[in-house]
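S.K.: Okay, here's what each chain looks like letter by letter:
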Amino acid sequence: MNFILGSLLLTVLFAPLLAAACLAILRPAKAGTARTIAVWTSAFHVLLTVALFVLYSGHVNQDNSLSLGFQPKVVPGDPGSMSDSDVITYKTNWTLLSLSPDGVSAPTVQFFVGLDGLNLLLIGLTSLMFFFAVLVSWGTITERAAPFYAWLFVLQSCVNGAFASFDIILFYVFFELTLIPSFFLIGQWGTGGARRDAAKKFVLYTLLGSLLTLIGIIGIVLTNPIPVHPTTNKPFYFEPTPRAMTTVENEGNTYVNGKTGPITFSIPILMKNVSMWDSMEYYSVGHAENRLARATPAGRATAESELATAQQNLAQRRSMQFWIFLALMAGFAVKIPIVPFHTWLPSAYGEAPIAVTMIFSAILAKLGTFGIIRIVIPLLPEMCVLYGLPLFGTLGAIGIVYAAFCAYAQRDLKMLAAYSSVSHLGFLVIGLFSLSREGLSGAALHMVNHGLTAGALFALLAFLSRRYRTLDATQYSGMWAKYPRFSFYFLIIALASVGLPGLCNFVSEMLMLAGLFDPRNVVIFGRGLAIVAAVGVFLASWYTFTMIRRVLFGPVVEPPALNDGAAITGDVHAREVIPLMAMSALCIGIGLFPQPLLDVLQTDTRRLAGIVDRARYRLDPQAIPIPEPAPERPVRRGPVENALREEAPFQPGGVPNVVIPPQPKNPLPSNPK
Amino acid sequence: MISVWHFLSVAAVLFALGLIGFLTRRNLITMFLSAELMIQGVVLNLLAFARFHANLSGQAFGLFVIAVAACEAGLAMALIIAMYRRTKSLDSSVWQNLRETGVPATIDPDALIQPPLELADDPKLPAAGKKPQEVAGV
Amino acid sequence: MSSTALALTVLATLLASTILTPLLAQLRLSRYAHFPAILGFAIASVLSLFMLRDVFLLGPAGTTPGLSLDLSGTYPFFDLNLKESPTVWFHAGLLKVTFSLAIDPLSAIMLATVTFVATWIAVFSSGYMHGEDGYTRFFTIMCLFVFCMCLLVLADNFFLLLAGWEGVGLCSYLLVGYYYAKPSAAAAARKAFLVTRLGDVGFVLGIFLLWSAGGYHTDLSAIFAHIQQHSASHGTLTAACLLLFCGAVGKSAQLPLYVWLPDAMEGPTPVSALIHAATMVTAGVYLLARCAPLFVQVPYVQIYICATGGLTAIFAAFIALTQTDLKRILAYSTVSQLGYMFMALGTVGAITPSIAVAAAIFHLFTHAFFKALLFLGSGSVMHAMGGVIDIRKFSGLRKLMPVTHITFLIGCAALAGLPLLSGFWSKDQILDSLHHAGEHSLHYRVLYEGVFLVALLTAGLTAFYTFRAYFLTFWGEERIPEEAGHHAHESPRVMRVPLIVLAVGAVIVGLAVESFTRHGFSKFLATTPAIQMANKTYEREHNVRSQSSPHFNWKVAGMGTTAALLGLAAAFALYRRGEMVAVPAILKPAHGLSLNKGYVDEIFQGIIVKPAEIAATGTRQFDGLLDSLARFVAFIPRLFAAFLRPLQNGLVQFYALGMVLGLAVFAFFIVFKVSR
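Taken in sequence, the protein lines are chains A, B and C.
Under my numbering, the first residue of the first sequence is numbered 1, with each subsequent residue one higher.
Under my numbering, the first residue of the second sequence is numbered 1001, with each subsequent residue one higher.
Under my numbering, the first residue of the third sequence is numbered 2001, with each subsequent residue one higher.
Quick caveat, the hints were computed from the structure, so don't treat them as lab data.
No false leads were mixed into what you were given.
No farther apart than 25 angstroms at their CA atoms in a straight line, the calculated lysine to any residue pairs in the SDA-like style are these:
| hint | chain 1 | residue 1 | chain 2 | residue 2 |
| --- | --- | --- | --- | --- |
| 1 | A | K200 | C | L2644 |
| 2 | C | K2523 | C | F2050 |
| 3 | A | K200 | C | F2635 |
Facing chain C, a subset of chain B residues (Cβ under 7 angstroms, in silico):
| hint | residue |
| --- | --- |
| 4 | S1093 |
| 5 | Q1096 |
| 6 | L1098 |
Cβ atoms here follow ideal geometry from the backbone N, Cα and C, with glycine treated the same way.
Only chain A is shown next, with the shape it has when bound in the complex:
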């Protein structure tokens, strides 16, 4: 079963590449032929993805362990699934490149792809959006159609690869590879006069950011090697919490700190290492304090210097992590983009063909937010707690209002949609950094919802631009009378994007707001930003409904008719109706029945929230206000139980394999070091 799923995953990831190769080799001269191939292959890809969803559904809710690392359910090359027992071991044997001849302890870049709750939905969204993009580009790409679709499919494979990667280097490679197809798609098939410039600007701007991310990734990898046992050199994951130390003492053993072992690029292992090293540095201070308290006058000097060293180490680690955090976020902030790093966006969105713009806002922007949820939060939880909301949450909030105002002042509908996308993504960033289960679930769901609504909005603009070749809002009026069906879809999508209940954005926005109301966030950055976000929702309806009034309502005014034969007339065509109807139906469907999607996400968001809760505890053991749990739930105290408080009913029994950190100032039985 796992083997089949793994193979299916690989097919989903690389089938587009195959389609691209076919298009590049065959090079059909007629645009129609290329389009036909593209439509059928991408439709087939959607079917494959649906099959993946159906097969994966058996894995939802089945994982209740509280491992500190992600546990991708479907991993091609999983040694476990190759054996007869067919168990999942959450790792792979497929090594791409080994950095030292010593095969055992060498850091290896692995082809480690997998499926878990976080990326499943995004891979589904990608598959769907590329199918729609092919349909949307129908009348607009007439020259060199074969290479256009080939590049589009290459882009799809790269994006899918980035979503599926569980190796940090592999992720980065795919993340960067998306630039190449994007460059050609904007530069060659762009609609505006400045497309070359826009493509160059896009690539250079993003590259600058993501090179900093590379530095951050290197920093993460180097500062979090696998901890190994000092004598046996075996991986050694043991957190020196006071309680654990007591157990060690009682069993007559002595404890020694682990030492640094080989480095690793696997994100799940890195996550464990991060927890390990973070808490090792943290508890060292506590133990040193205890030793100082019990030190004899003679040993006092030594104990003091030990304490100083431990404190210095901790401070050093945190300051190092701060810079790594900034470096990592640089690339993601540009990719999303967070205001003020968005200036590549107007030109790139404006110049790109509308199908590509649709992909950009629906999918590529998600690469940045996905990077945050896949890499930044799990690997730098302490920094996210300390600086996430104050720094990037504030930027996100500024972005919501700023981009909303920019959107209002735009006369070009495409620009308006672009800025509205930036505004919504600001909300998404705030939701991510709220770092609570509600907020993370909401943000992860909002990635899908925003993809749907933003993509659909561009698909709707494609409808107009295919008829009139212009998107200047001042030239349009009264489209409702002229195109009632189009207006119907337009209204649904607009309402979804302003977060009307019953449509998809409402659910995720409410969850993100709930995340911001988590009392463990500093009030001004939690509730304060929640106010800005709520005002942002109002601003979204302000510019959206002003635009709707201008374009849909009023007496009919249309831009001058085109005389070229390619222009289409009449209301929504059969081909155009597929994406519009499907996306509207999904918006309504997700709005009414979001729970299956939230169930898919819950294992991973719970895990992330647990990691963050431990980090919160380490940063401030006393001052965590624990939310009063709902009375029908069993009440358990302590930060980790707090993370688990919802999951008590799902707990299959047994002790979770995370160590519960009690207060570090408890006296220790003796000094094991």
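Assemble chains B and C onto chain A, guided by the hints.
M.R.: Frame of chain A; chains B and C shown alone:
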């Protein structure tokens, strides 16, 4: 007794002469000859060391270089003639189109005078030690 | 069927109508688009009467049963079964939103009112909207509206309530903008949607504040119970209540967010009757009534609500005095009457909550009848006058349209609060509550007394502007505008019957449900669990026993009636000839202020809309600046390059010299550094 040092000195002198020639003369053919001179200096080095180490790899390598230099000479002369036919000049500074856009062309204040047209069908080297102007009889 | 099942059937019926109506259009049966709507509303109305009976006999229903859909299983991949706890809409972390319904006297009364009025308005619309473009669209949105309104009324979950709340807002938007080609309708629709949504920002934040203060529940009853037991911090509760009130202000058109309601008259008249008079705009009143257990704990928010209500009531009445658009007069009157309801709600905590809430809800109930009647009557007039609604252009219609005339007169009398009509009883209860609060409030007696006087004054003004409109329309010599042509006749029967039904309602409901039954309405409403809870809190905090029912106060009733009669007399004196009268010079400034609607729209334009637009333009300019900044950063490497570019001069020998020099450095390094 002639030691390896003697050979090396001669080779160094050859190389230096070639280098100076290459840097100072603007006539393409002369520049090419200077380059050949440098190559020969290097080959002499190889031979000298081959003798010194008493094995034949240096000799073999020297033969290779000579062969390559011969091919190169054929190619280079063909190129030079082709270039001459385009510009009617052997001056290397005529060919500076590959400079950065926006950088002004380098103009020799003491410019060469174009030889008369009847001379211009094929490139001719000026007599040694004479300026092209004198050759042209101006 | 249990009351819960009845409520669910009501919702299902309305949803079915919503889906069925557009399907008719697909079958080219647009002419019959009103059938599903009228039928659905009628069934819903009957069912909700049954539900009302069940609630009356058996008391409030317990938890709502739900369906669970299990998708995680293996073949056949899903499993549907009925379960005890309500269906989950969405649930992550501590936020769990369920489809739980509150089946209690409050919601049952609201449901019955909404569906009853909606049924007759739908009947009226089938005549009024006959032959319009978008007949199907009209009834589809009407069905959706009634569904959302019922959802709003029945919801026991804040997010479900919010869904209904936003849903009715959406339907209002679509129906105000029904004539989409008309720029004024488009502007009014946008304004209605945006202004109410501005209030909703506060509402949503208030919900989340209550969620975090109320033990992470989203069910209203659970939040109330939690706050009752754990007594949340006073600051949080104050903020939450103010934010909820903010939502109510937007939806129920109170100062300063009432500006959308008069403009919303751009929609078809039945829409104004149903949405902008009888049902949707009362959602804010309903919300505050349901949240009485919270508001009773924050008396200073209460006084604020009371004052807002009073100011709105008198200000809107003042504007209505001089308007010449019949529908606008009624719209301002709606704003004013909503102000009355908020005044009553503002006394929760100062007097027994159940009495204050009963006064507000009772007025809501009677108001639904007579205001719907008045709007339909004005629709009937508009229908006959060929779309003209300016009362200066016609007069003396009482012969021409006898049924409309009589029913309109009844509506006016009820609105003015003439004795024994429904408006009289409900207005009297509100005045009585205010009077009582003035006597018994712990800290704010003077304020409540002031609001009482304002309410009395408003009662006089109400009678004046109502009868002004009535006299100008129906009295004097008969004048008919040109636009009416030969259409000027009494409306068809399908429009007359709803008028008669509602007129009968406007006459008798007050007597029937409250007076003859010895305050049966108030007593029944007081059995609502939420209101009981509020009563308990009131008893605990004031250390008194709560009153079981209001008592009829002859003094207050006399004062109210006198005010109304004075207003009526003034209107009769001035307008009985059916013509406008000249304004005396001393009243010119006041008249101008009233005629120009207090310049509120202009003020809003000046202090909010324009600055926002300027800010948007400014931001856009700044964005260009930001882009130049990015371009400048990209320019810095070029600046360095400017120094190095001359080196690339294209001269072969110059490059060779570079190579030689590099080689020389390299050789120097090897010879003098490495070999040592």
